[in-house]
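As you go down the protein sequences, you meet chains A and B in turn. If you're matching positions, the first sequence starts at 1 in our numbering and goes up one per residue. If you're matching positions, the second sequence starts at 1 in our numbering and goes up one per residue.
Worth double-checking, as some hints may not be accurate.
Which chain A residues face chain B? A few, computed with CB under 7 Å, are given here [to be verified]: (1) Ile39; (2) Gly65; (3) Val67; (4) Thr90; (5) Tyr189; (6) Val230; (7) Val233; (8) Val256; (9) Ser258; (10) Leu260; (11) Pro270; (12) Met272.
Simulated from the structure, these hints should not be mistaken for lab results. Note that the Cβ used here is the ideal one computed from N, Cα and C, for glycine as well.
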Amino acid sequence: MLAMPLSGEVFYIRLATRILIFGILASSLNLLVGYGGLISFGHAAFVGLGAYAAAILTHHDVTSGFVVWPAAILVAAMGALIIGAVTLRTSGVYFIMITLAFAQMLYYVAVGMDRYGGDDGLRMATRNSFFGPVDANNPNVFFYIVAVLFLAVLFGTRRLVQSHFGRVLRGIKDNDRRMQSVGFNTFGYKLAAFVLSGAIAGLGGALNANLNAHVSPAMVHWVLSGDLLVMLVLGGVGTVAGPAVGAAAFIVLEEVLSNLTKHWMAILGPLMLLVILFHKGGIYALLLGKKGRSGD
Amino acid sequence: MNYVLLVEQTLNGLQLGVMLFLIAAGLTLVFGIMNFINLAHGSFYMLGAFFAAALTKWTGSFVLGLALAVLACVALGVILEMLALRPLYARDHLDQVLATFSLILFFNEMTSIVWGTEPQYIMTPALLSGSVELFQGVHYPVLRLAVTGFGLAVGLLLYGIVTHTRIGMLIRAGASNRQMVQGLGVNIGLLFSFTFGLGAALAGFAGMITAPLLAVQVGIGEPMLIVAFVVVVIGGIGSVRGAFVSALLVGLVDTMGRFLLPAWLGYRFGPALASMAIYILMAAVLLWRPQGLFSGFRG
């Protein structure tokens, strides 16, 4: 996959870049769902915050990636801090509904921002710049930038899961009350995971904005939140590489089906339903020859 | 500020509230009994509107069309419950969310295959067209009044069923303790199919009676569904009374917010804040009572 740019086909480079970006997004959601047991149906909120932060800064002629991308991460993290502080007071099905509702609120804000394109979205005149030969406008260079970040996220996730923090998080997933009585401030840990996950999603959003040179309310839409969850389950919840595998499978499937018919969703929907009804731990577990949903 | 507009907007808010109640009632009952979260509930709202548009055209009668459309929604709900959703009750919420999410994609796409992407319109019966003078100088469309009235009537009927009939008693019992009810010899599967069909009919009915007021098109279900989630969260999961109070509250806050906030805060921030109003309300309720206002059945 890393040799993708050598093929020289811009279409495939874009596709590979897209897969890596969604790999980052699905991995960030995996922190919550897979390790924290927090089913967030509002992840698009943070993707959108990052994407809009990047596009709006670029729109105002702040084009340096060294400024824009950290800013996107920061904005998404702040959003996650606020939304997390409210939503994490609840759990279970309430949490699902409330994260969905807050993401929808941001969707309406994006639609209402007439200054920044409203419904039509905002075009980015250029990708964000770095130094010297690192020119993100070159598809190959951009692919490698994304690839490096993707590997960093995966590596970081692995380190995090094995760390003290990761162990506490998994403990909370198994039994929140027990962790509380052992003396952990579970709310704090969950909020930290929520903010971290939102921050990574913000980075992914900024990358996606760069890839498409465009942001629109679709990036904050609930369908994106759902798609990310599907990628996660398709690949394997609670595994480090699973979400990326799921993202690749989902995007390739989408590409193939949408070439077959314009009503590809009528095929994808039932297909997803079947996968969910009969899955055994996702594609990643299948590849490893494991049975059952692997916890860690 | 003129009071004619104020009255009109209050009535509009009430109408939105009643529609939200019809959708939220099914959601909250289904969740209360089976601990099952159904994202595809909004599809019943959309399909109800499409069925009504097609069937009123086909039969040439508004009443007959609606009656058939309600039956179609019930049938669809029961079939869906039996075929696709049953295996999901034992699963975790993640699988339920994803399965019903994929059903939304399927229903939306099937609807656009069958009816196309052009919006459908439904004829308004002559009896309900025009407007009526409520009191001195306040005219209000008969249709909107009728929609609110129908919605309220159905809501009351539901309340009567849930609180005063044997099946309603079973539904409430199922919501508070499923195992116990099962242990007493009630066929909980059948009870649940009934509840699911009832929920589908209510959401579908909401879609049908709102259909003459809006362009019926693919994707109208989900925005309503998400607001219905807000209603359920504020009202407390499993509580029909909570859903009713909070639906009216949300309907009024949303409508009045869109009407008053731009006037008070100017057109720069007013509309943005208005679209956030119900979510801020939800956040405030959660900070105060994390389990919702009327968390009747579960802790």
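- Query: Any of the earlier hints contradicted here, and which numbers?
  - Reply: 2, 3, 5, 8, 9, 10
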